[in-house]
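Protein chains: 2
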Amino acid sequence: MKKDFLYQEIANNIADKIRQGVFKTGERLPSVRMLSKEHGISMNTAKRVFLQLESQSLLQSKPQSGYFVSPLRFADLPLPEASRPLPDITNVEPSELIGSVYSNMGHGEKTLFSIGIPSGNLLPQARLKKEIIQASRTLREGGTEYEPLEGNAKLRRMIAVRSLAWEGNLNEEDLITTNGGMSALSLCLMATTRPGDTVALESPCYPGILQLVVGLGLQVIEVATHPVTGIEIEALKKVLHKIKVCLLVPNFNTPLGYCTPNEHKKQLVKLLTEHNIPIIEDDVYGDLHFGAERPKCCKSYDTEGNVLWCSSVSKTLAPGYRVGWVAPGKYREQVLKQKLLHFISCTSVVHEAVGNFLMTGKYEKHLRLLRHTLQENYRHYARIIAEYFPADTKISRPQGGLVLWVEFAKEMDTIKLYNYALKRQIVIAPGRMFSLQNQYQNCIRLCFGLPWTKELEFQLKQVGAFAKVLLR
Amino acid sequence: MKKDFLYQEIANNIADKIRQGVFKTGERLPSVRMLSKEHGISMNTAKRVFLQLESQSLLQSKPQSGYFVSPLRFADLPLPEASRPLPDITNVEPSELIGSVYSNMGHGEKTLFSIGIPSGNLLPQARLKKEIIQASRTLREGGTEYEPLEGNAKLRRMIAVRSLAWEGNLNEEDLITTNGGMSALSLCLMATTRPGDTVALESPCYPGILQLVVGLGLQVIEVATHPVTGIEIEALKKVLHKIKVCLLVPNFNTPLGYCTPNEHKKQLVKLLTEHNIPIIEDDVYGDLHFGAERPKCCKSYDTEGNVLWCSSVSKTLAPGYRVGWVAPGKYREQVLKQKLLHFISCTSVVHEAVGNFLMTGKYEKHLRLLRHTLQENYRHYARIIAEYFPADTKISRPQGGLVLWVEFAKEMDTIKLYNYALKRQIVIAPGRMFSLQNQYQNCIRLCFGLPWTKELEFQLKQVGAFAKVLLR
Numbered sequence: 001m002k003k004d005f006l007y008q009e010i011a012n013n014i015a016d017k018i019r020q021g022v023f024k025t026g027e028r029l030p031s032v033r034m035l036s037k038e039h040g041i042s043m044n045t046a047k048r049v050f051l052q053l054e055s056q057s058l059l060q061s062k063p064q065s066g067y068f069v070s071p072l073r074f075a076d077l078p079l080p081e082a083s084r085p086l087p088d089i090t091n092v093e094p095s096e097l098i099g100s101v102y103s104n105m106g107h108g109e110k111t112l113f114s115i116g117i118p119s120g121n122l123l124p125q126a127r128l129k130k131e132i133i134q135a136s137r138t139l140r141e142g143g144t145e146y147e148p149l150e151g152n153a154k155l156r157r158m159i160a161v162r163s164l165a166w167e168g169n170l171n172e173e174d175l176i177t178t179n180g181g182m183s184a185l186s187l188c189l190m191a192t193t194r195p196g197d198t199v200a201l202e203s204p205c206y207p208g209i210l211q212l213v214v215g216l217g218l219q220v221i222e223v224a225t226h227p228v229t230g231i232e233i234e235a236l237k238k239v240l241h242k243i244k245v246c247l248l249v250p251n252f253n254t255p256l257g258y259c260t261p262n263e264h265k266k267q268l269v270k271l272l273t274e275h276n277i278p279i280i281e282d283d284v285y286g287d288l289h290f291g292a293e294r295p296k297c298c299k300s301y302d303t304e305g306n307v308l309w310c311s312s313v314s315k316t317l318a319p320g321y322r323v324g325w326v327a328p329g330k331y332r333e334q335v336l337k338q339k340l341l342h343f344i345s346c347t348s349v350v351h352e353a354v355g356n357f358l359m360t361g362k363y364e365k366h367l368r369l370l371r372h373t374l375q376e377n378y379r380h381y382a383r384i385i386a387e388y389f390p391a392d393t394k395i396s397r398p399q400g401g402l403v404l405w406v407e408f409a410k411e412m413d414t415i416k417l418y419n420y421a422l423k424r425q426i427v428i429a430p431g432r433m434f435s436l437q438n439q440y441q442n443c444i445r446l447c448f449g450l451p452w453t454k455e456l457e458f459q460l461k462q463v464g465a466f467a468k469v470l471l472r
Numbered sequence: 001m002k003k004d005f006l007y008q009e010i011a012n013n014i015a016d017k018i019r020q021g022v023f024k025t026g027e028r029l030p031s032v033r034m035l036s037k038e039h040g041i042s043m044n045t046a047k048r049v050f051l052q053l054e055s056q057s058l059l060q061s062k063p064q065s066g067y068f069v070s071p072l073r074f075a076d077l078p079l080p081e082a083s084r085p086l087p088d089i090t091n092v093e094p095s096e097l098i099g100s101v102y103s104n105m106g107h108g109e110k111t112l113f114s115i116g117i118p119s120g121n122l123l124p125q126a127r128l129k130k131e132i133i134q135a136s137r138t139l140r141e142g143g144t145e146y147e148p149l150e151g152n153a154k155l156r157r158m159i160a161v162r163s164l165a166w167e168g169n170l171n172e173e174d175l176i177t178t179n180g181g182m183s184a185l186s187l188c189l190m191a192t193t194r195p196g197d198t199v200a201l202e203s204p205c206y207p208g209i210l211q212l213v214v215g216l217g218l219q220v221i222e223v224a225t226h227p228v229t230g231i232e233i234e235a236l237k238k239v240l241h242k243i244k245v246c247l248l249v250p251n252f253n254t255p256l257g258y259c260t261p262n263e264h265k266k267q268l269v270k271l272l273t274e275h276n277i278p279i280i281e282d283d284v285y286g287d288l289h290f291g292a293e294r295p296k297c298c299k300s301y302d303t304e305g306n307v308l309w310c311s312s313v314s315k316t317l318a319p320g321y322r323v324g325w326v327a328p329g330k331y332r333e334q335v336l337k338q339k340l341l342h343f344i345s346c347t348s349v350v351h352e353a354v355g356n357f358l359m360t361g362k363y364e365k366h367l368r369l370l371r372h373t374l375q376e377n378y379r380h381y382a383r384i385i386a387e388y389f390p391a392d393t394k395i396s397r398p399q400g401g402l403v404l405w406v407e408f409a410k411e412m413d414t415i416k417l418y419n420y421a422l423k424r425q426i427v428i429a430p431g432r433m434f435s436l437q438n439q440y441q442n443c444i445r446l447c448f449g450l451p452w453t454k455e456l457e458f459q460l461k462q463v464g465a466f467a468k469v470l471l472r
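If you read the sequences in order, they're chains Z and U. Everything in the first sequence is counted per UniProt numbering, starting at 1 for the first residue and increasing by one. Everything in the second sequence is counted per UniProt numbering, starting at 1 for the first residue and increasing by one.
Be a bit skeptical, because a hint or two may be false.
Copies of the same chain look alike in the list, so a pair counts if it fits in one copy or across any two.
Cross-link-like lysine-lysine pairs, in silico, DSSO-like; alpha carbons within 27 Å at most [claimed, not checked]: (1) Lys337 <-> Lys423; (2) Lys129 <-> Lys365; (3) Lys330 <-> Lys394; (4) Lys130 <-> Lys365; (5) Lys130 <-> Lys37; (6) Lys337 <-> Lys416; (7) Lys24 <-> Lys468; (8) Lys468 <-> Lys37; (9) Lys423 <-> Lys130; (10) Lys266 <-> Lys410; (11) Lys17 <-> Lys461; (12) Lys129 <-> Lys154; (13) Lys244 <-> Lys266.
If you're looking for bench data, these hints aren't it; they were derived computationally from the structure. The structure presented is a predicted model; accordingly, all values stated were derived computationally and were not measured.
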């Protein structure tokens, strides 16, 4: 705890100096080694100081050069408050609202700040096309056959190889492919619960997960989260006796964008494993880190097979391909059975194509580019929000991913804001969608996975202007 | 009833004459018009006589020429008995057996009489490849986007057009695409039931459906069926008060291959609609009719939107593509919601490719060829069974589809036969798989969707030889 205190104190100290202008925009900070010597702290602790400041957008890292003061005015925007959902099971499903927001998709004329996927022109479409053509030419029986139940071998091998980066150390045999990420979560929930069981979720939570869990006849407990570190372990402890499964999105969570610290992930795995509560881990944004390092997963700390690690290429390559997977640990047989029951096989042509694409090594290059674009976009958004949104607006500090959480003053009703903006062909996702409780009415989620253009900038400014009108 | 009696009498009379050699192999029978005049019956009744004889493989129809006596010795093989499952809810799931049989798939060296899909070399692979390439080139954003929730518009339009042939008269808006046929059934079950509800199924029943229903926490009532006409309506009436949903495979049912008469379908729709019990209709084999006419569906008689009609191209074009659909009638909103929850979108590239393929008109040509091959194969199988299987073997009379039900003497244990054959790399599907009750131990299902070769003929003879050994 003393260490935690120390690291926080040093970070605050530097943050203050940046805000006071002692360290100027663009200036290079002392190296990790120098900071470590200066304060008599370990290299790791010194590194945490910089990561913390980077996550607050006060610093930028440049590979092989060090840390520099961000040229950003929005660093002073306050963080949203930590969430405080009711500790009870509640179920006031905002179905109509979700239906309304969703129904705006596929309408080219609208600006969809509401979506949670990258825009098509940020994706390597030409290359993927080639892989599809190649796969349909080379696949046995032209891909007309069912796949083996576990799924495409190349794809599973490449996911296993990539898992080394986050110390997942998976083998091909640990993996089962699915029809995208939601399909993986759906299989895992069906494999580990029975209707009537209770699931713990982070609050706020992605509406698709809320609806899936409710749709399966399960009860939901929403757990308090911190906007920078994610689920609050003490809050989770209080409901452990009620829950059957815990479903988490620890890396670049939507809507808050936080990255749960590795130490927390480790604690979560230990705690839940001791109580024999499986963790379904949705890592679908894990590869979209803004920092230099790919974050670890709960699965990285899973020695007992208690974590069902799920991911997909829907947020990084091709939402429309429906290529996802799960490493279900000791729940392998149950998940395989659910896959057999519900859809037998994935679409072999696209799974082979993605497998081949991963083998070319072009995925890493694409990811670097995409991450850079997303981080730039986030900064554009934050700048516009700082300048054009109401004065007391708070924003999350996404450390990766595609979305930003905006918290207005308490009296704002973002369903009104949604309707107001919709008339001007702008779609935002009101905060109420992200809970089964009556909360987050003063919040919205904004997707920054759209190409940054003059027009988009104008639309975003408009959202701020509408908010000001409504708050008047 | 009198009419039923008359038509049966005339059919039996002709059947006797064929068996007695009065009508000789290859001989042309009187036309429908002549038969109608001769017996003073309607054209429709006369037609039914021929269809009945054709379904018994005593006659063959040749387009524009009439009906001819089949050159078949196996017409004398007796039919399996009508099924008599217990009228209670039972659940002795043969999971291990199903797992064992299934695990043989994807092993090239084994002969899989156990599967229920056509062999890859009966499918138009080259043409499909071209369509995939074309789709990945022309689709917006290269198919990387999510589809609209309802699914690919071209595909839905073409399914609607094709529904005219069976008087489904669907519109594009009536249809929702899915990841194959099982995915359609899964969405429909989740849309119309809650765990604990009871579902009526035909007995024997496709194991995938049994496992899906049990997997969703539903109760099963197996209903008696007749090997030629399908579900017995009187038996269904007795359990109506217990059931929430009825899931039927009326056209070329697996494993029995029967085609429920249109009159029965009409009665089923009337009866179940009156009791407000939705019918989930699995029509996945409907296009594989041996007779000249595509059979109607329950959906053809559905005026209230009470039938959820499901199908796919998995049995006719490409199992590995995962292209299926449902016309959910008045349950549209519920099914759409389940699709959104569980997988959001299908794989756009392959759905577009199949939509385009259907538009070329080449599907009909392919189906004609496939149907011809399947019917020829069925005759080969029946001939071998008549000559090489134990003397008292009974077989079903599939009027379409891919499979044949074989019933041995009561004392046969086909799980033993399965294990015996497996050692010789031959895989059959034991009857026990097709029920949650301890029945059909003396039956097997054989797939005739495999190319007929000298080797396959030898393997099939072997199955007969093994059966003789076990019955000794």
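Results for each hint:
1. Lys337 <-> Lys423: between (47 Å within a copy, 25 Å between copies)
2. Lys129 <-> Lys365: within (17 Å within a copy, 29 Å between copies)
3. Lys330 <-> Lys394: Cα proximity of Lys330 and Lys394: none, with 42 Å in one copy and 45 Å across.
4. Lys130 <-> Lys365: So Lys130 and Lys365 pass the 27 Å test inside one copy only (17 Å; across, 30 Å).
5. Lys130 <-> Lys37: neither (52 Å within a copy, 64 Å between copies)
6. Lys337 <-> Lys416: So Lys337 and Lys416 pass the 27 Å test across copies only (25 Å; inside, 45 Å).
7. Lys24 <-> Lys468: Result: close neither inside a copy nor across copies, 32 Å intra and 92 Å inter.
8. Lys468 <-> Lys37: Intra 48 Å, inter 86 Å, cutoff 27 Å: neither.
9. Lys423 <-> Lys130: neither (40 Å within a copy, 43 Å between copies)
10. Lys266 <-> Lys410: neither (35 Å within a copy, 60 Å between copies)
11. Lys17 <-> Lys461: neither (30 Å within a copy, 88 Å between copies)
12. Lys129 <-> Lys154: Both: 18 Å inside a chain and 20 Å across chains, each within 27 Å.
13. Lys244 <-> Lys266: within (19 Å within a copy, 46 Å between copies)
Figure legend: structure checked against the earlier numbered hints; hints not met, in rising order: 3, 5, 7, 8, 9, 10 and 11.
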